[in-house]
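Asks: Listed below, chain by chain, are the residues.
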Amino acid sequence: MAKAPPKRPNRDSVTTINDDGSRFFLHPADAHGPWVIARRVAAVLLIAIYVSLPWIQIGGQPAVFLDFINRRFHLFGLTFGAGDIWLTFFLITGLAFFLFFTTALFGRLWCGWACPQTVFLEHVFRRVERWIEGDAPQRKRLDAAPWSPEKAFKRVLKHGIFIVFAGLIAHVFLAYFVSIPQLYEWVRASPLDQARAFGFILIATGILYFNFVWFREQLCIVICPYGRLQSALIDEHTINVAYDERRGEPRGKMGTEGAGDCIDCNRCVQVCPTGIDIRQGLQLECVACTACIDACDEIMEKVKRPRGLIRYASEETLAGRKTRYVRARTVIYMVFLLLGLTVMTLAFSSLQPFESNISRMPGRPSYVTDDHIRNQFLIRLGNKRGEPARFHVEALSMPAGMRLVGWETSVELGPYAEESRPLILQQERAHYTGPVPVTIRVRTEDGRGVRERTLEFLGPDPRVFAP
Amino acid sequence: MKSDSPDKPEPGSPHPHAGRDDIPPGAVLREHVYDGIEEYDQRLPNWWLWTLYITIIFSFGYWFLFFTSRALPTDSERVAAEIQRIEALRFEQMGTVDAETLWQMSRNDTILAQGARVYSVNCAVCHGANLEGGIGQALNDGEWRWGHDPMDIHSVVDLGSPDPMAGMQAWGRQLGPRQVAAVVAYVLSHNDPGNMFTAADSPGRASER
Ligand code: SF4
Ligand code: SF4
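These protein sequence lines are chains B and S, in that order. Heads up, the first sequence is in this note's numbering, so the first residue is 1 and it goes up one at a time. Heads up, the second sequence is in this note's numbering, so the first residue is 1001 and it goes up one at a time.
Keep in mind that a hint or two might mislead.
[Said to hold, decoys possible] Footprint (simulated), chain S over chain B, 3 or more residues, beta carbon under 8 Å:
1) 68-75
2) 413-425
[To be verified] Simulated restraints on C-beta separations:
3) Glu452/B to Glu1039/S: 50 to 60 Å
4) Gly1176/S to Ile332/B: 50 to 60 Å
5) Arg1209/S to Pro388/B: 41 to 51 Å
6) Arg1030/S to Arg324/B: 33 to 43 Å
7) Pro362/B to Thr1198/S: 46 to 56 Å
8) Phe1064/S to Ala152/B: 34 to 44 Å
9) Leu1089/S to Trp147/B: 55 to 65 Å
[To be verified] Non-contacting residues of chain S with respect to chain B, defined by C-beta distances greater than 10 Å in every case (computed):
10) Pro1024
11) Pro1073
12) Glu1100
13) Thr1110
14) Ile1111
15) Val1121
16) Asn1122
17) Val1125
18) Ala1170
19) Gln1174
20) Asn1191
21) Arg1209
Calculated directly from the structure, the hints in this document are not laboratory data. Glycine is no exception: its CB is placed at the ideal position from the N, C-alpha and C atoms.
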């Protein structure tokens, strides 16, 4: 099917994919206005946060440092060990319900304002492209133009800067996992000595570069699972970027008899980074970037009509009814969110500054001597803090004649140190009446952490000893 | 989408949906209808198809490299090779310890410091902070149940007591050859080389098990 430029968006196919499966590359026009400015401010703040998190030190560790190599995860002053991994369940479900909740209320706020894909694409890479290759019509002309020194220069410059930025983002990303000092050391080392890290950076840079130079909105339209969930998360009360059809239609040029407010200037279509026409209603491609709001407001200003023909509004508002914020789905999401938050707060407050694990020593479950029954364990202690800590191990609820051997004195562990030591329970045969549970309590001397664990003291059937 | 029954495409007709005014000209519908819901037959994005083709090509390469030509080792082969490497290293280091070396090590302060640390963490619980014995045997009286040659003592630490009822586990697995040698040296340093003897009721030598 021959394409008459400009391509008209429709609701039956994706604008950015041609009928033969090839890509239709968009050149969205610039939008100007308060929303674009607000979003740019938000983006600059977010980038500052992304970049500074590995640098900020809280309690002697970076604010975010996911140290997979040592299986320690530092988050805003809290340190998690591998044994605390179950807490991520609350973190992830909490984030998910928070996202569901905001989506039910305000649609894809995340996509338009906070998603790294949008933040970096709209506010870094497209800005560079705009600066080097000019506005939308100029970019289209440059695309179509034959190769010339000028085109070559612009292309080399653009791709060069894109690769540099992609590389920077890859480094920041890696810093989250290895910390800045380690990263700096690797950066200064020869790529041959640090082949793994270098390979990672190379691949990550390549993927980011490909994403931002070519793939772009395809990620949001085809790949992103959050985008796919929209139809299940929103309803007619959800506030989205929407076109006021009752006011705008029938569209017509200025001065047309009986026409609505839309002058069919097509500005909203030209600025859209996903290539849709918002006047055809809410569509899954829309990332709620607000570009079309600013674009249309600018036009309305010019033709002296009230702003807001395209605005943040729910379908209910547009139909002349009231938007309800309290609805079954928002309440349910909120209940889940609060429930999760409560459980998470409780769980996090039980977070211990150390890890401890008790296992039986290889060998027999119990040893019988002339006058004792003995169970041998290994206790593994891990200090999760950046300072030395002293540990006391004691047994509670011990039956008569039983003794905990090996822990008469406390033990000191250096910062982030791990150590296993034997832990032995021994009972006099005269007092032995059969297997019995014993609770072991591990506590730090400064009283910051306590953990308890019940062990089963095992032994032969006591009748064996019967006189 | 309308719910009236769609016409079956007739073979040879110029366009299967000619006459349908609710779909754009040229569009093609899939044959199935569910509760009146129909589906366009759009081409997949080429980039998407390419990811599919590349995974197919990759699978052939993978199959060839790992399972046909065996040019590259599979994961389990790599794990097995790594275990062999570690064991070889262990045997190599084992080979270098003998009675003579252990006595020499027992006079080296650096090794003794290391051995003392290993002892206090792992051994003191049963054998006493000063090797005086407790749950386990005394280690400073020159009397050795499983033979008094340093290699006998080494064997008990490394592989555990030959008597499974004794409770002395095989520490070699946990400590590794270097720490085992260091702790044996530390124990020897608390004994007089001239006064080492095997217990009268010894069941046999540990290094000859
Ligand atoms: S329709 Fe408007 S809000 Fe949605 S992606 Fe396009 S320009 Fe952005
Ligand atoms: S920018 Fe506003 S006036 Fe222009 S076509 Fe879009 S909705 Fe109509």
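Asks: Please write out, lowest number first, the hints stated earlier that are contradicted by the structure.
Replies: Hints 1, 7, 10, 15, 16, 17, 18 and 19 contradicted; others consistent.
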